[in-house]
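J.: Whole structure, please, built from the sequences with the hints as guidance.
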Amino acid sequence: MSNTRRDALKSFSLGALLFGTPAVAQAAPEPAKPTTWARGIENQRQADLGDGRFLNPIMAGDHPDPSILKDGADYYMTFSTFDAYPGLVIWHSKDLINWQPITAALTRNIGSVWAPELTKHNNRYYLYIPTKKTTAPDSKTTSWVIWADDIKGPWSDPMDLDLPAHIDPGHAVGEDGSRWLFLSGGDRVRLSDDGLSRTANPEHVYDPWRYPDTWDVEGFAPEGPKVTRHGEYFYLILAVGGTAGPPTGHMVIVARSKSINGPWEQHPRNPLVRTTSLDEKWWSRGHATLVEGPAGDWWGVYHGYENGLWTLGRQTLLAPVTWSNDGWFDFGGGDLSQPIAKPKGGTAQPHGFALSDDFTKDKYGIQWNFFNPSADEAKRIRRDNGVLHLTATAEAPSSSAPLITVVGDPAYEIEMEIEIDDGARAGLLLFYDQKLYCGLGFDKDRFITHQYGIERGRPANPYGKRMLMRLRNERHIVSFHTSSDGVTWKRFDRGMEVSGYHHNVRGGFLMLKPGFYATGTGEARFKNFKYRAL
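Mapping of the sequence shown onto our numbering: residues 84 to 617, in sequence order.
By construction, these hints were calculated from the structure, which means they are not laboratory data.
Check before you lean on any hint, since a few could be wrong.
As a list, the in silico EDC-like pairs of lysine to aspartate or glutamate whose alpha-carbon atoms are at most 16 Å apart [to be verified]:
{"#": "1", "residue 1": "Lys548", "residue 2": "Asp528"}
{"#": "2", "residue 1": "Lys341", "residue 2": "Asp259"}
{"#": "3", "residue 1": "Lys341", "residue 2": "Asp409"}
{"#": "4", "residue 1": "Lys610", "residue 2": "Asp445"}
{"#": "5", "residue 1": "Lys613", "residue 2": "Glu498"}
{"#": "6", "residue 1": "Lys223", "residue 2": "Asp245"}
{"#": "7", "residue 1": "Lys527", "residue 2": "Glu606"}
{"#": "8", "residue 1": "Lys364", "residue 2": "Asp418"}
If you're wondering where the values come from, they're calculated on a predicted model, not measured in any experiment.
T.: So this is what it looks like as structure tokens:
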């Protein structure tokens, strides 16, 4: 034993005698385990912790640009759905935490849907919908409006508002009852009294607050204007800094005016929300809307990317809002990585739904969507006695429209029984868009390996025209297993890593979604889609 160590032990023993300290060191207490999500059906993560608290996100997975509507004791929310059709799924809640889907409001492909606005005026519901042109025949870059007298529908056919230079319409009603859409860039446009057309050209009305030029952002990009009237003021809430790119870019800013016509005064504490460190749980936080809670308190919904999980897209976050004596409001909750007390009042309901599908019920639109479908794409689907028949089309997922679904878990497993006709090819995918996807498919003779949006290896297929296939995504590490009977499984000799399949690599603001496809000729038949979060 060294003199140094011997002397140290003597000193420790002397200290024990003098001060009553035990000669054997006490074990340090274990650090508290971080709070994690509650687990619901299929082990899906859910925000409601069951103890009066919740942990963000309230809507896991691809639910960006949330637009929320309080309608009496009910809350409705919808999100950007981009190229997924049917689109604009409307969700319902009575407590702001637990949500159920009720309908898909948009069925005709009018383009890639960005940042819609859901509102109610004179007992009628409206959706204002900005789109970017895609390859669909009816698509264009503009904003549209659809309406319904019942939130569950039917919703009208889209009407073009002819706004090709703006995105993100936010509905507002002035002190004189006039109707407006506030638009990207600090602009606005007057609407007709029925809200179904514009009556003038867009005008510039607000110069948004600007951040210091030393901040790391994607770009100025003033967007997502939302107007809330509270007390004697109209509050104009915007996002600036870009919605992706550097995690510190996206942010929430606010201005206010006593008239819908301005002038607009900048919030003295702008920005109210911003990711400031790469260590934070939620990145690129912004695009906020205020909503009054069931008990009269105030909350804000906005979106953010989960640290390390760009592939899940932007997820919906809920934060408390407090009003100050100066008439301004502020967002609480910090970086939203810790549990928060639930909104008071309201009534909880089950959250979400089972993603597993035995195809005995029609979940088209609510769960399953085509990517950038043609006008008659829905005719490819036929359900019969627990079998989904999908007509094969095109040569590969890059030229067809696969069926995809949103999931909210960082790790999960999907499984399906697949049978094909002689000329068909089918399989399971993780699909970002038609130029970036991965997966495993097969024809009657060979497997088809999909990687980086292209078809690569074609090893021999020993199963023929029918097999069970399993895809596991373990936090971006992807593996495949195949089986003839669902009992004995064989691991496929090709693994993949997909952490780069996201917007900052490819663009488009999308999510890497699980799904399935059928290409070639004839049809493929799918049974017993199973989902399980890991």
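J.: Is the straight-line distance between the alpha-carbon of lysine 341 and that of aspartate 409 16 Å or less?
T.: holds (14 Å)
J.: Is the Cα-Cα distance between lysine 341 and aspartate 259 16 Å or less?
T.: holds (12 Å)
J.: Would the hint linking lysine 548 and aspartate 528 be met if the CA-CA limit is 16 Å?
T.: Holds: lysine 548 and aspartate 528 sit about 8 Å apart, inside 16 Å.
J.: Please work out if lysine 527 and glutamate 606 have their alpha carbons no farther apart than 16 Å.
T.: With Cα atoms ~13 Å apart, lysine 527 and glutamate 606 stay inside 16 Å; holds.
J.: Holds or violated: lysine 613 and glutamate 498, Cα atoms, limit 16 Å.
T.: holds (5 Å)
J.: Check the hint pairing lysine 610 with aspartate 445 against an upper bound of 16 Å on the C-alpha distance.
T.: holds (14 Å)
J.: Take a quick look at whether lysine 364 and aspartate 418 sit within 16 Å of each other, Cα to Cα.
T.: holds (6 Å)
J.: Quick one, are lysine 223 and aspartate 245 close enough, alpha carbons at most 16 Å?
T.: holds (10 Å)
In summary, the structure agrees with every hint in the numbered list given earlier.
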